[in-house]
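Participant: Please take these sequences and the hints and turn them into a complete structure.
Numbering (UniProt numbering), first residue to last: 1 to 163.
Hints are all accurate, no fakes.
FRET-style restraints, in silico, Cβ to Cβ: (1) K19 to L110: 27 to 37 Å; (2) R100 to N15: 30 to 40 Å; (3) D108 to C8: 38 to 48 Å; (4) S113 to D48: 35 to 45 Å.
The hints are simulated quantities; they were obtained by calculation from the structure and are not laboratory data. Think of the CB as a built atom: it goes at the ideal place given N, C-alpha and C, for glycine as much as any other residue.
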Amino acid sequence: RVYGPRGCGKTTLVNQYVKTLGYIVEPIALYQDMTARDLLQQRSTKQDGDTVWQNSALVNAALSGHLAVLDGLHRVHASTLCVLQRLVHDRELQLYDGTRLLRHDRYDALLESKQGQSIPGVLRIHPDFRILATAESPSVGKNKITDKLLQLLGRPRDYIQLH
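Facilitator: The structure is reproduced here in structure tokens:
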């Protein structure tokens, strides 16, 4: 996680990181009224009137092995971000359409135990998938980044603070 005051170079640092490592980026702009559902999937209507779930940029990044950049972590309510805890720590996620995302090694072991048969409702998270989040410093903004929220999303050694 990269955090610091507005205008300190968070985006520049992220862009340099991405360029150096050659990641494909899925940018995700976070906003104050964002819900957990907005982070994962949205319902939409097809032309024939049927409703379907559409994966978010975050889910697409997980499946494709891209770098999901969550921009503006300080804007989102902590309860919305709680949905990310299993994705960050365990590399697993239950989606609203009933699909389950599973860490690549667990998926591969499950597939092997099924002797290569498909696993309905379970998708493999790409091993190259990464999440990077930016936020303004804890003293800035309406929704402050708390130590509890930072712990939810990773270990203290995972943070870069800019001044």
